[in-house]
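*Asks:* Following the hints, complete the assembly by docking chain Y onto the known chain W.
Protein chains: 2
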Amino acid sequence: MRQASIRDVAKLAGVSTATVARVLRGTTPVSDALRERVEDAVAKLGYVPNAVARSLSRGRTQLLGLLVADISNPFFGEVARGLEDAAVAGGYQVLVGSSDLNPERERAVLAAFESRTVDGVALTSSTADSSTLRKLTASGMPMVFIDRRPADVAGPAVLCDNEAAARRAVQYLIGLGHTDLAMISGPRTMATAAQRLAGFRAACAEAGLSIRPECVREGYLGIEGGSKAMRRVLELDTPPTAVFSFNNLLGVGALSATREMGVEVPGEVSLLTFDDMTLFPFVDPPVTAIAQPAYQMGTEAARLLLDALANPAAEQPKDIVLPSDFRIRSSCAAPPPRP
Amino acid sequence: MRQASIRDVAKLAGVSTATVARVLRGTTPVSDALRERVEDAVAKLGYVPNAVARSLSRGRTQLLGLLVADISNPFFGEVARGLEDAAVAGGYQVLVGSSDLNPERERAVLAAFESRTVDGVALTSSTADSSTLRKLTASGMPMVFIDRRPADVAGPAVLCDNEAAARRAVQYLIGLGHTDLAMISGPRTMATAAQRLAGFRAACAEAGLSIRPECVREGYLGIEGGSKAMRRVLELDTPPTAVFSFNNLLGVGALSATREMGVEVPGEVSLLTFDDMTLFPFVDPPVTAIAQPAYQMGTEAARLLLDALANPAAEQPKDIVLPSDFRIRSSCAAPPPRP
Numbered sequence: 001m002r003q004a005s006i007r008d009v010a011k012l013a014g015v016s017t018a019t020v021a022r023v024l025r026g027t028t029p030v031s032d033a034l035r036e037r038v039e040d041a042v043a044k045l046g047y048v049p050n051a052v053a054r055s056l057s058r059g060r061t062q063l064l065g066l067l068v069a070d071i072s073n074p075f076f077g078e079v080a081r082g083l084e085d086a087a088v089a090g091g092y093q094v095l096v097g098s099s100d101l102n103p104e105r106e107r108a109v110l111a112a113f114e115s116r117t118v119d120g121v122a123l124t125s126s127t128a129d130s131s132t133l134r135k136l137t138a139s140g141m142p143m144v145f146i147d148r149r150p151a152d153v154a155g156p157a158v159l160c161d162n163e164a165a166a167r168r169a170v171q172y173l174i175g176l177g178h179t180d181l182a183m184i185s186g187p188r189t190m191a192t193a194a195q196r197l198a199g200f201r202a203a204c205a206e207a208g209l210s211i212r213p214e215c216v217r218e219g220y221l222g223i224e225g226g227s228k229a230m231r232r233v234l235e236l237d238t239p240p241t242a243v244f245s246f247n248n249l250l251g252v253g254a255l256s257a258t259r260e261m262g263v264e265v266p267g268e269v270s271l272l273t274f275d276d277m278t279l280f281p282f283v284d285p286p287v288t289a290i291a292q293p294a295y296q297m298g299t300e301a302a303r304l305l306l307d308a309l310a311n312p313a314a315e316q317p318k319d320i321v322l323p324s325d326f327r328i329r330s331s332c333a334a335p336p337p338r339p
Numbered sequence: 001m002r003q004a005s006i007r008d009v010a011k012l013a014g015v016s017t018a019t020v021a022r023v024l025r026g027t028t029p030v031s032d033a034l035r036e037r038v039e040d041a042v043a044k045l046g047y048v049p050n051a052v053a054r055s056l057s058r059g060r061t062q063l064l065g066l067l068v069a070d071i072s073n074p075f076f077g078e079v080a081r082g083l084e085d086a087a088v089a090g091g092y093q094v095l096v097g098s099s100d101l102n103p104e105r106e107r108a109v110l111a112a113f114e115s116r117t118v119d120g121v122a123l124t125s126s127t128a129d130s131s132t133l134r135k136l137t138a139s140g141m142p143m144v145f146i147d148r149r150p151a152d153v154a155g156p157a158v159l160c161d162n163e164a165a166a167r168r169a170v171q172y173l174i175g176l177g178h179t180d181l182a183m184i185s186g187p188r189t190m191a192t193a194a195q196r197l198a199g200f201r202a203a204c205a206e207a208g209l210s211i212r213p214e215c216v217r218e219g220y221l222g223i224e225g226g227s228k229a230m231r232r233v234l235e236l237d238t239p240p241t242a243v244f245s246f247n248n249l250l251g252v253g254a255l256s257a258t259r260e261m262g263v264e265v266p267g268e269v270s271l272l273t274f275d276d277m278t279l280f281p282f283v284d285p286p287v288t289a290i291a292q293p294a295y296q297m298g299t300e301a302a303r304l305l306l307d308a309l310a311n312p313a314a315e316q317p318k319d320i321v322l323p324s325d326f327r328i329r330s331s332c333a334a335p336p337p338r339p
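Heads up: the sequence lines are chains W and Y, in that order. If you read the first sequence in full-length UniProt numbering, its first letter stands for residue 1, the second for the next number, and so on. If you read the second sequence in full-length UniProt numbering, its first letter stands for residue 1, the second for the next number, and so on.
FYI, nobody ran anything at the bench for these hints, they're computed from the structure. Be a bit skeptical, because a hint or two may be false.
Pairs of lysine to aspartate or glutamate residues, derived as EDC-like cross-links and limited to a Cα-Cα distance of at most 20 Å, are as follows [as the list claims (entries may be wrong)]:
hint : chain 1 : residue 1 : chain 2 : residue 2
1    : W       : K318      : W       : D307
2    : W       : K135      : W       : D152
3    : Y       : K318      : Y       : D307
4    : Y       : K228      : Y       : E268
5    : Y       : K44       : W       : E104
6    : W       : K44       : Y       : E104
Quick list of simulated restraints, FRET-style, between CB atoms [as the list claims (entries may be wrong)]:
hint : chain 1 : residue 1 : chain 2 : residue 2 : range
7    : W       : R259      : Y       : P317      : 40 to 48 Å
8    : W       : P339      : Y       : G267      : 37 to 45 Å
9    : W       : L209      : Y       : G177      : 50 to 58 Å
10   : Y       : G91       : W       : Q316      : 30 to 38 Å
11   : Y       : G267      : W       : A202      : 43 to 51 Å
12   : W       : L176      : Y       : D319      : 51 to 59 Å
13   : W       : Q316      : Y       : A310      : 42 to 50 Å
14   : W       : I211      : Y       : R35       : 40 to 48 Å
15   : Y       : G267      : W       : E260      : 22 to 30 Å
16   : Y       : R35       : W       : D284      : 52 to 60 Å
17   : Y       : S131      : W       : D284      : 46 to 54 Å
Please read these numbers as outputs of a predicted model, since none were measured by experiment. We put the CB at the ideal spot given by N, CA and C, even for glycine.
The shape of chain W in the complex, shown without the other chains (with noise of 0.2 Å):
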């Protein structure tokens, strides 16, 4: 079937192209009457106006620019796919642009969302100086944090209860008995780390363990760097009867370390992280994981864009704080006797 035209459309509503633009363009008021019968005609035929010439005509582009750290870190992957399920049917499309955390590579990300290339961004992990982002603000651009939110830069955010989550998670640890830990923690500057980090601290304090400065290890990101901190704690004199990692990557990189020494989880450490993946239930043991709504944390943060942009004169809406969930599996145990 031959693809429906705005005359076909016009046809159909018995009404000029040019109304049918007027319609579509939504910038000239119209009767409802008149809107409901275009939009009719719209539905019916399946009509897909032409974007680019939709976007000129509007000034917009219907994209939207979607800045995450790691393109190929699911977690990543999850948020760009609810965002995009949630333009699209929003009549939006995304773009993904990747950081790698590297400044410079951000800002170049930012440049190409600025110059107007896309209507609206949402920004995971930023690692960008605050200027950068103060200026994207200031042009008027709608924008949207997720995950996290650099702290001097103003905008609505879709966050997961971080600290809550992670203190659960590490009260769990402490019920099954074991009073010496250790976490895997991301760098020091990432918000979502620090307030994990947090969590941590406060569930042990709230039990009157201390927790041993050797047993913190900080900056670590990517499977290798969770591999090379989980054998750091592992190879001290005492290790920690269980070990918290900051995130899904992480915690690959400290199982594949405990693989790769011959120690056994649970029965030598307990293994929780933060972050599931699709795979974790087959893993041998299945590992216990707090599992972010990943997919819903871009719906959300599509929603708010959309919303922005139909309504450039709303009130800055609150941020969103979605509930993590936690997933006992096998990976955590009694710790085993001490000598």
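*Replies:* For chain Y alone, kept in the frame of chain W given last:
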């Protein structure tokens, strides 16, 4: 520190700002000595030309577009990461759009790319009617295909040795003693699905094995699809003793079906899949897989695009066919004895 301006560069190099602009544009010939002086000043000051201004003056955006089927599939995440890393090394950024194998979404992403948002396009898993793609080619946009190429469109491709790799893997299963094999395949219209199925059939034919029609499940995608197909196969009166999965997500779905049905891998059924995943070595049992060089497929595609942008008059390069890696783990074994 305030960011260096073109004026700072000119002052340090002892030339006019017009000369700096000329050197940076790279379109007008300048003496090597002059170029060196300007480039030294740029490096010393860490000067970053405004991307928008630069793209306007050169008619380029320094952006590459990547179309993928599903950004949350780790295979595409790795391809994107490889493309990005190589693009960034060449002074480009990448914007990724995802089609969900929906032709309408794909058209919208390609329209955004076509309207000169980007300087070159890499396409994976295209479902587009070839007219959309031919329009893009006709516009002079450098284009490269990754993973597969629609039959009637020109353009270089970076491919994996799909048929040969599938054949080798199935030969391995046959070598273990299997005589009754099944394949969970993707949609028939997907070139890679057809190629891997051809490899499966060839290996069976060579060994004189016939394949039961109900043991070739076509048209499945995603984890859900893999689980459903695996259930159908395992619920046969006489289930096959080995199953070959078309890709990673179908493989995960097949694995989850065996868990849910209490079927032992590899004791009751051997499982082998195209595409490796980070966690496959840690799964119970570790999953035997054909690893595609996804990251390298991305870097090679970037190289082809950067070459085409640097030498617009060059002849179209040949396809690049990359070898896969067969990773034998523990999910395949000799078939169980039959009564």
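*Asks:* Next, verify each hint and record whether it holds.
*Replies:* Hint check results:
no.	hint	in the structure
1	W:K318 - W:D307	holds (13 Å)
2	W:K135 - W:D152	holds (13 Å)
3	Y:K318 - Y:D307	holds (13 Å)
4	Y:K228 - Y:E268	holds (18 Å)
5	Y:K44 - W:E104	holds (16 Å)
6	W:K44 - Y:E104	holds (16 Å)
7	W:R259 - Y:P317: 40 to 48 Å	holds (42 Å)
8	W:P339 - Y:G267: 37 to 45 Å	holds (39 Å)
9	W:L209 - Y:G177: 50 to 58 Å	holds (55 Å)
10	Y:G91 - W:Q316: 30 to 38 Å	holds (36 Å)
11	Y:G267 - W:A202: 43 to 51 Å	holds (46 Å)
12	W:L176 - Y:D319: 51 to 59 Å	holds (55 Å)
13	W:Q316 - Y:A310: 42 to 50 Å	holds (45 Å)
14	W:I211 - Y:R35: 40 to 48 Å	violated (56 Å)
15	Y:G267 - W:E260: 22 to 30 Å	holds (27 Å)
16	Y:R35 - W:D284: 52 to 60 Å	holds (59 Å)
17	Y:S131 - W:D284: 46 to 54 Å	holds (50 Å)
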